[in-house]
Amino acid sequence: MKGTFSWKWALLVMSVAALVAVGCAKKQTVKSEGAQGGPGAASAPAPGAVSEAPVKEAPTAPVAAAPAEQPESAPAPAAAAAPGVAVTEEKPSLFDDVRFDFDKSAVKEDGRKTCQGVADYLKKHPGAQMLIEGHCDERGTSEYNMALGERRATAVMTYLVSLGVSKAGLSTVSFGKEKPLDPGHSEEAWAKNRRAHFVLK
Amino acid sequence: MKRSIGAAAGAFLLALSLFPSPAFPVLYIDINAPGGKRLPIAVADVAVGPGDPSLSRGIPKILSDDLALTDLFDLVPPTAHMETVTEAHFSGKPLSFPGWKMIGAEAVVIGKVEARGERLSIEMRLYDATQGTLLVGKRYTGAPTELRSIVHRFANEIVFTFTGVRGVFGTEIAFTARQGKSRGKELYIVGMDGQDLRKVTNNRSFNLFPRWSPDGQWVAYTSYRTGAPNVYLRNISTGAEKEVIRFGGSKAPGGFSPDGVWLYAGVSQAGNSDIYRVRVVGGAVEKVVEGWGLEVSPSPSPDGRRIAFVSDRGGSPQVYVKSLGAAGETRISNGTGYATSPSWSPAGDRIAYTARSGGRFVIATVAPDGSGTREVASAPDGDCEDPSFSPDGRSLVYTYRKRGYSALKIISSDGRRQRTLVSGLVDAGSPAWSPGR
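The listed protein sequences derive, respectively, from chains A and B.
First residue of the first sequence: 409, per my numbering; consecutive thereafter.
First residue of the second sequence: 243, per my numbering; consecutive thereafter.
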């Protein structure tokens with residue numbers, strides 16, 4: 409008894425479902441040109457002159473158009489700065505470069521000799537401002553090399569300070585792998601490009 | 243048992259009434275089935291009202307080129323088409339679906355376009371040719387210059403209709419390259435289809451590490467234009483800029499928090515790079531990861547709760563994952579040599595990075611817990627570096643480098659399909675894929 413009841417109920421529901429399905433299908437073909445929009449086509453009012461807009465996309469907003477508002481932006485102050493040509497040029501130096509091993513920032517023996525010469529010079533010229541550039545070879549990703557170049561420049565600065573140079577006359581900048589001395593792609597070129605470079609300001 | 247049949251039928255009824263008719267695509271493409279069946283689709287010449295007659299072929303060309311970039315469709319060639327689409331097909335006249343089926347199309351795209359002065363109006367419709375039903379239809383208006391972007395949008399609708407995942411047509415890739423003989427690097431942007439390449443900066447210094455804001459309106463990058471590296475935000479539409487990171491020495495933005503509130507970056511102080519995050523508005527700074535090693539390249543997870551980053555604390559650069567606000571950092575790269583530049587997938591399930599393998603750099607992906615490492619892209623004669631996921635997670639853009647030659651390439655996340663996005667620029671690199679459009 410109980411079983412037959414639910415069976416009948418199931419049949420009823422299924423036939424209703426079938427009817428609705430047919431109804432839907434009909435509706436779909438008939439009304440697809442009419443009120444039935446695509447998903448998301450729903451509510452936006454028809455833009456402009458075109459009145460019949462059954463399949464209109466919701467955004468009346470022009471595609472990718474409106475200049476975005478700029479929340480908190482003062483235009484960059486640096487925009488006035490001189491074109492950075494100078495930044496990209498290799499600056500002449502009174503001193504040799506300090507060279508490094510791959511992925512290392514330890515100042516090696518020959519580098520220490522170079523640093524001694526730099527230290528002697530700076531002690532004789534107390535007002536001098538020395539910029540130490542850190543550079544890397546082209547292997548590996550730019551971001552990591554940028555940090556590595558900074559570490560190399562800082563290692564040289566720290567060594568100069570240990571030789572008695574005043575830290576006040578020293579500064580560092582990293583160019584990572586962006587500014588190779590030798591544009592080649594050999595071991596020899598790479599060895600030249602892993603360097604700290606001294607620039608008197 | 244019988245009760246459950248009744249319940250199932252009831253649920254079926256409910257489902258039918260909940261969904262308006264066209265939301266049930268009969269055709270469906272399973273994007274997770276490798277080498278699955280492609281859907282034969284015809285893109286008919288569009289009806290041109292007032293406007294340039296060449297749009298009739300031009301619009302289907304843009305759309306077909308988009309669809310061909312996926313491995314989801316087989317395009318029925320226009321020479322096989324038998325029915326000419328006219329204005330009448332948009333006001334009640336049915337398409338001849340048996341004819342479209344006869345030439346093998348299971349889906350048909352039709353469109354009409356009107357250009358009046360500076361106003362372009364395009365209506366596009368996608369039909370299921372086997373059922374004769376409208377699957378999706380959209381009308382777009384915009385300036386004539388926005389034609390490609392409009393067509394890309396409808397291509398995304400088509401992909402969404404058949405796969406449930408929005409396409410990435412119309413998205414862009416920001417990257418850096420040297421201009422001609424200049425030693426400097428400028429920012430460039432190119433469409434994911436390789437079109438519309440343009441230079442964004444022009445200050446002849448080093449402009450590096452572009453990273454998109456989650457709304458796709460801004461790019462954060464490092465510029466040396468004042469002589470020292472600082473991080474700027476640039477509005478891509480207006481060109482307006484704002485300095486966001488000035489403290490420290492070397493600095494490189496890694497990515498934004500998903501809400502766009504924070505910009506994560508690696509910043510060196512006293513030669514030691516750590517991970518910081520900076521409030522885009524207001525400029526408040528927090529240190530997120532520190533250590534005696536170099537910590538760089540933060541990539542936030544899509545839920546904003548974790549970051550992947552690079553540290554050389556173990557002796558060589560490797561990729562780690564950290565939960566924000568919790569102690570502990572897990573190394574997830576298992577290569578021996580060198581692992582850098584992590585990029586978290588949009589679904590959060592994979593992290594792509596650059597690995598060193600057999601003396602070359604390759605692209606690998608790994609689960610955030612460090613399991614399931616797979617090599618995705620490699621080249622026998624060069625290096626593959628700097629991966630960035632597409633917004634749908636189905637592709638990666640990366641740098642290919644071989645001695646003096648460089649190119650940006652796109653590869654499907656399973657490593658099966660690859661194409662060149664940009665070549666011919668000097669030292670192209672650091673690609674970053676924009677968010678979805």
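Just so you know, these hints were derived from the structure itself, not from any lab.
Any given hint could be a false lead.
Derived DMTMM-like pairs: lysine to aspartate or glutamate, alpha-carbon spacing no greater than 20 Å straight-line [stated by the list, open to error]:
no.: 1; chain 1: B; residue 1: Lys644; chain 2: A; residue 2: Glu498
no.: 2; chain 1: B; residue 1: Lys335; chain 2: A; residue 2: Glu546
no.: 3; chain 1: B; residue 1: Lys423; chain 2: A; residue 2: Glu498
no.: 4; chain 1: B; residue 1: Lys423; chain 2: A; residue 2: Glu595
no.: 5; chain 1: B; residue 1: Lys644; chain 2: A; residue 2: Glu546
Keep in mind it's a predicted model, so treat the numbers as computed, not measured.
Would you mind confirming whether the straight-line C-alpha gap from B/Lys423 to A/Glu498 stays at or under 20 Å? Cα-Cα ~14 Å, so holds.
Given the hint that B/Lys644 pairs with A/Glu546, does the C-alpha gap stay at or below 20 Å? Holds, because 11 Å separates the two Cα atoms, which is no more than 20 Å.
Against the 20 Å threshold, does the CA-CA distance of B/Lys335 and A/Glu546 hold or violate the hint? violated (63 Å)
Starting from B/Lys644, check that the Cα of A/Glu498 is at most 20 Å away, please. violated (24 Å)
Given the hint that B/Lys423 pairs with A/Glu595, test it: the Cα-Cα distance must not exceed 20 Å. Violated, because 23 Å separates the two Cα atoms, which is more than 20 Å.
Violation of the numbered hints given earlier is confined to hints 1, 2, 4; the remaining hints are satisfied by the structure.
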